[in-house]
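Just so you know, the sequences run in chain order Z and B.
Be aware that the first sequence starts at 1, since it is given in this note's numbering, and climbs by one per residue.
Be aware that the second sequence starts at 1001, since it is given in this note's numbering, and climbs by one per residue.
Simulated from the structure, these hints should not be mistaken for lab results.
Be aware that a few hints might be false.
What the hints assert, rightly or not - Subject to a maximum C-alpha distance of 27 Å in a straight line, what follows is the list of computed DSSO-like cross-link-like pairs (lysine-lysine):
| id | chain 1 | residue 1 | chain 2 | residue 2 |
| --- | --- | --- | --- | --- |
| 1 | B | K1083 | Z | K47 |
| 2 | B | K1004 | Z | K47 |
| 3 | B | K1006 | B | K1083 |
| 4 | Z | K6 | Z | K47 |
| 5 | B | K1083 | B | K1004 |
| 6 | Z | K47 | B | K1006 |
As the list claims (entries may be wrong) - To be clear about the criterion: a stretch of chain Z counts as covered by chain B if any three or more of its residues have a C-beta under 8 Å from a C-beta of chain B, and this derived list gives those stretches:
| id | stretch |
| --- | --- |
| 7 | 5–16 |
| 8 | 19–30 |
Glycine included, every Cβ here is placed at the ideal spot set by N, Cα and C.
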Amino acid sequence: MNNRLKVLRAERDWSQAHLAELLGVSRQTVNALETGRYDPSLPLAFKIARVFDQPIESIFSE
Amino acid sequence: MQPKLKRLLVLVFLGGLLTGGLSGLVGFGVGHLAASSPEAADRIAVFEVVGFGVFGLIAVGVSLWISVYWMRTIDEAAREAHKAAWFWGGSGALLLGLPLMLIATLPQTAEWSLPDWFYGRSDPVAHAALGAGVLLVLMLAGYTVAWAWWWFRRR
Chain Z
1 MNNRLKVLRA
11 ERDWSQAHLA
21 ELLGVSRQTV
31 NALETGRYDP
41 SLPLAFKIAR
51 VFDQPIESIF
61 SE
Chain B
1001 MQPKLKRLLV
1011 LVFLGGLLTG
1021 GLSGLVGFGV
1031 GHLAASSPEA
1041 ADRIAVFEVV
1051 GFGVFGLIAV
1061 GVSLWISVYW
1071 MRTIDEAARE
1081 AHKAAWFWGG
1091 SGALLLGLPL
1101 MLIATLPQTA
1111 EWSLPDWFYG
1121 RSDPVAHAAL
1131 GAGVLLVLML
1141 AGYTVAWAWW
1151 WFRRR
């Protein structure tokens, strides 16, 4: 699964640590998400969508 | 690191120190008592076995409580890493015991002697404990390798 996490984070000039804090996960998890090597659970995906104020389908794609 | 995890680590560290200190004191007291008279040593022998058993059960309970708390506190990716480490590393390493068991069924191995790594003892109970210890070490090693590999692949 692909995602636009890194782009969205860069647009907001957030660090991985800051995004991790907003999502309530570790910085390592944010890194794994951004590199596409870890697919989030549905609850975490919804949380990510809320943090970036975007629909899930605009952040994640197959 | 999350504050809850930091608190848990401090608690485990202090708890370990306290338990170690208390165990040392009790061990010193019991050892001193047993050394002072053979009758006293005979009388407390059964309590030592029961005491160790109870201590072991309490240690298992506390370890489980810490593990549950830990798993509930870490995030989902860290939890996945532990699940993968348990399944692939722990179970994979456990399977390494299978060839040993197969070899042990052969009559040729009846004369083999095991190393006396368990406090220099070579009685059946020591051998059973040695087998359990070897499997534990294998599983922990497998768990650690699988856990590190999971994160390495997702760095």
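Handout entry: Pair hint B:K1006 and B:K1083, alpha-carbon separation not exceeding 27 Å
Key = holds, 22 Å
Problem - 27 Å limit on alpha-carbon distance, applied to hinted pair B:K1083 and B:K1004 - result: Given pair B:K1083, B:K1004 holds - Cα atoms ~21 Å apart, limit 27 Å.
Exercise for the section: Take a quick look at whether B:K1083 and Z:K47 sit within 27 Å of each other, Cα to Cα. Expected result: holds, 23 Å
Practice task
Quickly compare the C-alpha distance for Z:K47 and B:K1006 to 27 Å and report which way the hint goes.
Solution key: Holds: Z:K47 and B:K1006 sit about 24 Å apart, inside 27 Å.
Problem - Given pair status - Z:K47, Z:K6, alpha carbons within 27 Å - result: Answer holds: Z:K6 to Z:K47 is near 16 Å, not above 27 Å.
Problem - Coverage of the stretch 19–30 of chain Z by chain B (three or more Cβ within 8 Å) - result: holds (count 5)
Handout entry: Restraint check for B:K1004 with Z:K47, where alpha carbons must lie at most 27 Å apart
Key = Status holds; Cα separation ~21 Å.
Exercise for the section: Closer than 8 Å, Cβ to Cβ, for at least three residues: run that test on the stretch 5–16 of chain Z against chain B and report holds or violated. Expected result: With 0 residues closer than 8 Å to chain B, the stretch 5–16 of chain Z misses the three-residue bar; violated.
When each numbered hint is compared with the structure, a violation occurs for hint 7 only.
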